[in-house]
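Construct all of the structure, not just a fragment, from the sequences and the given hints.
Counted the way our numbering counts, the sequence shown spans residues 56 to 144.
In short, the hints are calculated from the structure, not lab data.
Take every hint as true, because none was put in to throw you off.
Here are the simulated lysine to aspartate or glutamate pairs, DMTMM-like style, with alpha carbons at most 25 Å apart:
(1) 110 with 142
(2) 131 with 142
(3) 131 with 108
(4) 110 with 84
(5) 131 with 117
(6) 110 with 135
(7) 131 with 85
(8) 110 with 133
(9) 131 with 84
(10) 110 with 134
(11) 110 with 85
(12) 131 with 104
(13) 131 with 101
(14) 110 with 122
This structure is a prediction, so every number in the text was calculated from the model and none was measured.
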Amino acid sequence: MRLAVLSALLLTGCGTACDAPDGPETGAEDTCNAAAYQSLIGQGRDAGEPLPEPKRIYRIGDPVTMDFNPSRLNIKLDDEGMIAQIDCG
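Below you can see the structure in the form of structure tokens.
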């Protein structure tokens with residue numbers, strides 16, 4: 056009986072301590088100001104060259120390092136070399 060009561064108390068305590076935080080995830084923030092450059096989507100690679108550092112320009116599917124830098128612009132090109140996506144990381 057004591058074990059059942061103790062188990063119930065432990066589970067109740069974990070339930071309140073393990074709640075997810077409110078609000079958006081921090082990964083969703085636009086820390087590199089990528090939203091300001093969305094108008095470049097559909098343009099050629101050269102349009103991404105003058106953008107501020109840190110940045111990296113690569114084709115979708117190319118190997119890239121897995122280090123996450125929230126202030127870096129990722130400029131992703133499609134198969135024709137046109138800008139397909141701009142985001143942070």
